Structure formats: structure tokens, C-alpha cells
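Below, each chain spelled out in residue letters.
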Amino acid sequence: SQQGEEDPQALSIQEGENATMNCSYKTSINNLQWYRQNSGRGLVHLILIRSNEREKHSGRLRVTLDTSKKSSSLLITASRAADTASYFCATDAWGNEKLTFGTGTRLTIIP
Amino acid sequence: NAGVTQTPKFRVLKTGQSMTLLCAQDMNHEYMYWYRQDPGMGLRLIHYSVGEGTTAKGEVPDGYNVSRLKKQNFLLGLESAAPSQTSVYFCASSSLRLAGGDTQYFGPGTRLTVL
Numbered sequence: 143s144q145q146g147e148e149d150p151q152a153l154s155i156q157e158g159e160n161a162t163m164n165c166s167y168k169t170s171i172n173n174l175q176w177y178r179q180n181s182g183r184g185l186v187h188l189i190l191i192r193s194n195e196r197e198k199h200s201g202r203l204r205v206t207l208d209t210s211k212k213s214s215s216l217l218i219t220a221s222r223a224a225d226t227a228s229y230f231c232a233t234d235a236w237g238n239e240k241l242t243f244g245t246g247t248r249l250t251i252i253p
Numbered sequence: 040n041a042g043v044t045q046t047p048k049f050r051v052l053k054t055g056q057s058m059t060l061l062c063a064q065d066m067n068h069e070y071m072y073w074y075r076q077d078p079g080m081g082l083r084l085i086h087y088s089v090g091e092g093t094t095a096k097g098e099v100p101d102g103y104n105v106s107r108l109k110k111q112n113f114l115l116g117l118e119s120a121a122p123s124q125t126s127v128y129f130c131a132s133s134s135l136r137l138a139g140g141d142t143q144y145f146g147p148g149t150r151l152t153v154l
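Chains as they are written, first to last, in the numbering used here: chain A, 143 to 253; chain B, 40 to 154.
Chain A extracted, bound-state conformation (with noise of 0.2 angstroms):
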């Protein structure tokens, strides 16, 4: 069973824009990664978010994380062309080697 749903499953918004997809989880987690998937590529990894932390931020990426309410959020700021693709959460829990992927939300950044 998954363990992380994304949401929404797809969105489109218009170049320059802002865009947030969102993961919910089901049990608790050591850590929250989120990755992108380019058309027929393998998946890279963007971020890590640790279950002590609440937001973390690379470059145009801001992610958050409530334990509490067990979800995170991925905002992808001011949005290029090149960030068309598909965005994963993936989670892991103590004593645990397996990483635990959800299903994934679309971006498709309108020129």
C-alpha cells in the first residue's frame, strides 16, 4: 500500500507562476524526500526534510512539513518550462531501509 498521497494528482498553471503540490502520509516518519520525474526518465532527488524540521528551502523549492497533520508541501516558485514533470513525496521510518513512494502529482508549466 502507499504510503504518501499527493495531491492534487495533476496541475497546470502558466509560466512564472507559483506552484504547490501536497503529500499526506499515513504513519510516523524519520524523514520526507521529495522527488521529479522528467517524461521516461528516472526519478532525482530535490529534497530532504527531516521529521524535526518544519521547512526547508533550496534554491526556487520551499518545503514544509507538519508532523502533526502528517503532510508536507512543495512550492516551486516563479515556475519555468523545465519544471514540467512529475513530482514525488517518498517517506521513511526508523529501523527502516525501504523508502515508501506516493503517487505523485503532474506539473505542467504552460509557456
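In short, the hints are calculated from the structure, not lab data. Every value quoted in this text rests on a predicted model; they were computed, and no experiment measured them. Worth double-checking, as some hints may not be accurate.
Listed below are the simulated DSSO-like cross-link pairs for lysine-lysine, each with C-alpha atoms no more than 27 angstroms apart in a straight line [what the hints assert, rightly or not]: (1) A/K240 to A/K198; (2) A/K168 to B/K109; (3) A/K168 to A/K212; (4) A/K211 to A/K240; (5) A/K212 to A/K198; (6) B/K48 to B/K96; (7) B/K48 to B/K110; (8) A/K211 to A/K168; (9) A/K240 to A/K212; (10) B/K53 to A/K240; (11) A/K168 to A/K240; (12) B/K109 to A/K240; (13) A/K240 to B/K96; (14) A/K240 to B/K110; (15) B/K109 to B/K48.
In silico negatives: residues of chain A with every beta carbon more than 10 angstroms from chain B [to be verified]: (16) T169; (17) E197; (18) T209; (19) G246; (20) I252.
A virtual CB, placed ideally from N, CA and C, is assigned to each residue, including glycine.
Chain B: place on chain A using the hints.
Same frame as chain A, now just chain B:
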């Protein structure tokens, strides 16, 4: 550094045929993983390995076998392919226990069709 590579990129099998997918990494990573990706399902873990000579089952191991004879290689075998195994297969590797917060590096994928 080539990172994580997968062979082959595409393959078409008939039901009942067997094949082996090869994953290789040149980053000296201890941990390696095989996932399958199906539309609307995200990635599901098939098998993984925490070091040379070790393997463990993931979420969807049935119908697959794996071997990790060398640290840099992780093989995924299908002994008798079924149409339900039509999917895109991804290999990944990482250097630390995930509890320590490491990221996974993914290969480009193998698109397998079973007729």
C-alpha cells in the same frame, strides 16, 4: 561517473519467457533497490539489498528474484514472465541507512512489455 545504469532499456517478452535486468552503480553504494512503476501507482519496491551477498523482499516480490554477487551490480530476474509484469522497472542505490537520511540515485529505467 556514470551513476546508475540499467540494461536493457527496452524489452518485449512473450508470456512464460525469462529474462534478467542488470543494474550497475559506480558510486560504491551499499544499498540497492528494484522498483516497478505502473500508471497511477507510483513506485513500488520489488526487492532490495543492504550489501553484497544480501537481498530482501519489498512490497511486491512475487514473480521476481534478485542477486547481488558484486557490490556494484544488482540483478532482477523474471523466471516466467506474465502480462501483469508489464511495467517500467527502475533501479536505485544509496550510500547510507535511510534512517540517517540519505537520498536514492535512480537509473533511467527499463520498459518491459510482456505479451
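Okay, the hints, checked on the actual structure:
| no. | hint | result |
| --- | --- | --- |
| 1 | A/K240 to A/K198 | 23 angstroms, holds |
| 2 | A/K168 to B/K109 | 36 angstroms, violated |
| 3 | A/K168 to A/K212 | 7 angstroms, holds |
| 4 | A/K211 to A/K240 | 22 angstroms, holds |
| 5 | A/K212 to A/K198 | 16 angstroms, holds |
| 6 | B/K48 to B/K96 | 24 angstroms, holds |
| 7 | B/K48 to B/K110 | 22 angstroms, holds |
| 8 | A/K211 to A/K168 | 10 angstroms, holds |
| 9 | A/K240 to A/K212 | 18 angstroms, holds |
| 10 | B/K53 to A/K240 | 32 angstroms, violated |
| 11 | A/K168 to A/K240 | 15 angstroms, holds |
| 12 | B/K109 to A/K240 | 21 angstroms, holds |
| 13 | A/K240 to B/K96 | 10 angstroms, holds |
| 14 | A/K240 to B/K110 | 18 angstroms, holds |
| 15 | B/K109 to B/K48 | 21 angstroms, holds |
| 16 | T169 | 14 angstroms, holds |
| 17 | E197 | 16 angstroms, holds |
| 18 | T209 | 15 angstroms, holds |
| 19 | G246 | 6 angstroms, violated |
| 20 | I252 | 23 angstroms, holds |
Hints 2, 10, 19, counting from the list given before, are not met by this structure.
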